[in-house]
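S.K.: Sequence:
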Amino acid sequence: RLELNVLHDRNPQFVTLSDGSIRNGYTVKLLNMIPEPRTVEITLHGLDGGEMSIVGIDQPASRAFSIPVEPDRLKTLKVFVRQPADQIRKPAQSFEFRIDDTASSE
Numbered sequence: 394r395l396e397l398n399v400l401h402d403r404n405p406q407f408v409t410l411s412d413g414s415i416r417n418g419y420t421v422k423l424l425n426m427i428p429e430p431r432t433v434e435i436t437l438h439g440l441d442g443g444e445m446s447i448v449g450i451d452q453p454a455s456r457a458f459s460i461p462v463e464p465d466r467l468k469t470l471k472v473f474v475r476q477p478a479d480q481i482r483k484p485a486q487s488f489e490f491r492i493d494d495t496a497s498s499e
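Per the working numbering, the sequence shown starts with residue 394, numbered consecutively.
Calculated from the structure, these hints are not laboratory results. Be careful, since some hints might not be right.
To be verified - Label-pair ranges, simulated between beta-carbon atoms:
no., residue 1, residue 2, range
1, Asp493, Arg416, 18 to 28 Å
2, Phe407, Ile450, 16 to 26 Å
3, Ser497, Val399, 15 to 25 Å
4, Pro484, Pro430, 38 to 48 Å
5, Glu429, Thr409, 34 to 44 Å
Computed from a predicted model, the values in this text were never measured in an experiment. Ideal Cβ placement from N, Cα and C applies to all residues, glycine included.
Required output: the full structure, derived from the provided sequences and hints.
M.R.: Right, here's the structure in full:
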């Protein structure tokens, strides 16, 4: 089993960057409930032009990241989602984080 919990940062709720883009912060918790290590892919869906960056992962901003999770462990990630100014169409937009185990259908 794999469990996901996402908490939106409340203070500040969002940040307007110097280029006009909007950035939101999230705490993402991945719980691997099997006694084997696994790699999960976290993907951003539904935000035009949006990209994620993850604190501590040395990879450029992207719409998807592969994350190793140790057996029977909780992995906590600090995720920032940014949308360029020219893609902002309305004050609030919905999107999803999707998590998939790269080795199974979970």
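S.K.: Going back to the hint list, which numbers does this structure go against?
M.R.: none
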